[in-house]
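Asker: If you want the building blocks of each chain, they are given just below.
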Amino acid sequence: MSGRESFLLDGTPVPFAPGETVMQAALAAGHYIPHLCYHRDFKPHGSCKVCTVRAGGQTVASCTLPAQPGLEVESATPELEDNRRTLVQMLFVEGNHFCPSCEKSGNCLLQAVAYELGVLSADLDHLFPSRPIDASHPDLLLDFNRCILCELCVRASAEVDGKGVFALSGRGIGKHLIVNAESGRLVDTAIAATDKAVDVCPVGVILRKRVGFAVPIGRRRFDVAPVSAQAKGDAPRPPREKERR
Amino acid sequence: MAAMPATAPTVDPFLDQVLARHGADASALVQILRDAQARDGWLPPATITYLAARLGVPRARVEGVAGFYAFLYTSPAGRYRVLFADNVVERMAGSEALRERLCTSLWIERGKVSEDGLVSVDTTSCTGMSDQPPSLLVNGRAIAGLDERRVDEIAELVREQVPLDAWPAALFAIDDNVRRRDVLLASDLAPGEALRASIARGQDEALERAGNERSWRERMPALPQGPALTLEEIKHSNLRGRGGAGFMTGLKWEACRTAPGPVRHVVCNADEGEPGTFKDRVLLARHADLVIEGMTVCAYVVGASSGFLYLRAEYEHLLPGLRETLARRRGAGLLGARIAGVPGFDFDIAIHVGAGAYVCGEESALIESLEGKRGIPRNRPPYPVTHGYRQQPTVVNNVETFCAAALVAARGGDWFRSIGTPRSAGTKVLSVAGDCARPGLYEYPFGVTVREVLADCGARDPQAVQVSGPSGICIGAAEFDRRLGFEDLPTAGAFTIFDGSRDMFEVARGYAHFFAHESCGFCTPCRVGTTLLCNAMDKVAEGKGSRHDLARIERLNRLLQASSHCGLGHTACNPVLDTMKRFRPAYERRLCSTQFEPAFDLDGALARARAMTGRDDAGAHLLDESPGAAEAERAR
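From first to last, the protein sequence lines stand for chains A and B. So for the first sequence, this note's numbering puts the first residue at 11; every next one is plus one. So for the second sequence, this note's numbering puts the first residue at 586; every next one is plus one.
By construction, these hints were calculated from the structure, which means they are not laboratory data. Among the hints, erroneous ones may be present.
What the hints assert, rightly or not - Using 16 Å as the maximum straight-line C-alpha spacing, the simulated EDC-like pairs for lysine to aspartate or glutamate come out as follows: (1) B:Lys1129 - B:Asp1201; (2) B:Lys1124 - A:Asp135; (3) A:Lys53 - A:Glu169; (4) B:Lys1166 - B:Glu1072; (5) B:Lys1129 - A:Asp135; (6) A:Lys53 - A:Asp20.
Only chain A is shown next, with the shape it has when bound in the complex:
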């Protein structure tokens, strides 16, 4: 790694490749910055704001912040961690999340990040939105109650699957996920259970039917190791690996 330029993350030098963001470089070096809407396969857009860090006197989403030599980035400060906790709590009260009865439990990024940050309760008043589920598709279930509006399925369906099955509509607190059909039902879209959009959902919105508990709770991704120990798994793929996909 010698010869590469680096920035400082909480005082530790982090090398980066040209064009990388602070988040990408940090993850590649094994440093975890809590995040939800960032995914290594997609262009970061910075909407969840959980990855907000302090750099150059400003607070800014690290997933969209270009890495620069010598930049001093603070991430694991009490103030920033406190903000992250509140953001995660906001997402919990915005939707309807019942981890004990959710089949995504243990594989859910929202739950994992909450555990990581030490979120013990929602703390804020619940909004209790009414969000009917869509079970119309024979192989897939949509449970909008758990949507955190990260837009990963939107991006995956458009960019990888080439189908544009998902989009967002409404605005403000009324913003919601929609599917590409006049009926508004998933069964009338071009989605397939093998789509990237299905895999990419970090929470329990897009679920394959009949496999919910194939891996028992206790042996799932974040049961095995906390999300912070899996930072490298979220790091950008080396270009060659990307091509093989």
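Following the hints, put chain B in place on chain A, whose structure we already have.
Answerer: Below, chain B without anything else, positioned relative to chain A:
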């Protein structure tokens, strides 16, 4: 995979015409949806499907755009859609009572369409009529100065199903209310004068210099100095953007001029949506030439070939006049090809009408909207000056900024910077509204005190002034000697006055609801935070608040400041914090004495169960142990 619904769309001549008008270009989606909506008054699912198919974009994308804008409707509405402007000034003038009067008179419930599909009555954000409230929009057309007589007249016209075009013209009359003119509002600049002055600069041989910058030189070999020298005047004038942030206009233009790329754009931000402001309404109605002149000077300086005037939907009534101005200027050789006879100086302006989204006043959200998308602010940098409309270099300036720029181009930077204060050159047009005898437009050189403005407009017993609208600052009487300008109180123009009888808590609560309504929803803190703020304020209003809730609002503010995506989230808590600091008693007197009260009403939650079981006896209620409740129980 499930079968796709084979909706090979049958031909729809009306929609095909709409599409043809906009070149069947998906980047004109907002305009296409506005026009398509004209037929049914809303966008039925089949219309969305049809447009998506013809535009070759996923249907969900079209639905997502339709769902974003307040004035695009995805559910049926009445043939007469009445929207009362709802901001604090309108409410102070009695808009709520008039709205109820209209609803009662038409036998409808607010927000619901009448059974026969004839009419609906609802509210919308500020429509830029705060100088003549209360006001409303009926099918997009503005009626101001409402009173009971006018409301009854409207009810009658609706009941009789008189077509809007046949309504008495007097109903639609809008006053300008210009109360104080300075260099801008009193300007008698002839159309083309600023342009000719700019071009003449390049003909002055004494100023002839080599090294004019690349973009313009390539396009226009003759008279290369005009743009560079005009830019120098703009920079020298110290003109700063009038939209509130106050960025140096000359630097913005220069950055766009020197940005790489063959095509440049000039965009006029006429999306003023700050509650209480209306200055652009008058500037566009009475000084349209000055606005267009400023845009054209900008195009000359930066080398832009295309221009947009992004007009907020609430100002649709200004369209005919603006179109007439553009046509007249084309006829006079001041727009189009070879402007003012200069070879290569080709520039024209298209009007883009918004669809009801305050956030589109943010320049990058405005550009997204211009491109036919949901109005979400972009990640910046890069800024629009290098990556704007279609990722090409773009200048976005406020209506008033372009007016001032035209004056600078005509009269020079020295003249302009001699007006106002050292860091705030020129004048500012204020939209004065609220509790005063003479609401309207007041133009002052920067540096004027709040007290002077209050005296001029005849404000009696002023308690507070909201400077620059809810995203600005709320000041109390002790601060009325403060000065308007970037040194002290920066302002985009709104100047809303509250006298001693007004409840500043309710003022702040209204503004909190405004931000929640207008949040684009892109980022978590603003999307959820603005709603949590409303809920907290509503809880206090209901008499269930405690110090805990006020402390939580302060925490919420810190989070929104630190992590929101754009200025809307950064400023959303300001009206609440300002009033909490300056008018604390308005909050304190509403608080419960306890440190914490739950927002959730346990007994209230059982109401449905009681209704289902037909019980309402004491045993069907939860025991409330507060002293008041015990008394109420005894009285029962």
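Asker: Honestly, which of those hints from before does the structure not fit?
Answerer: 1, 4, 6
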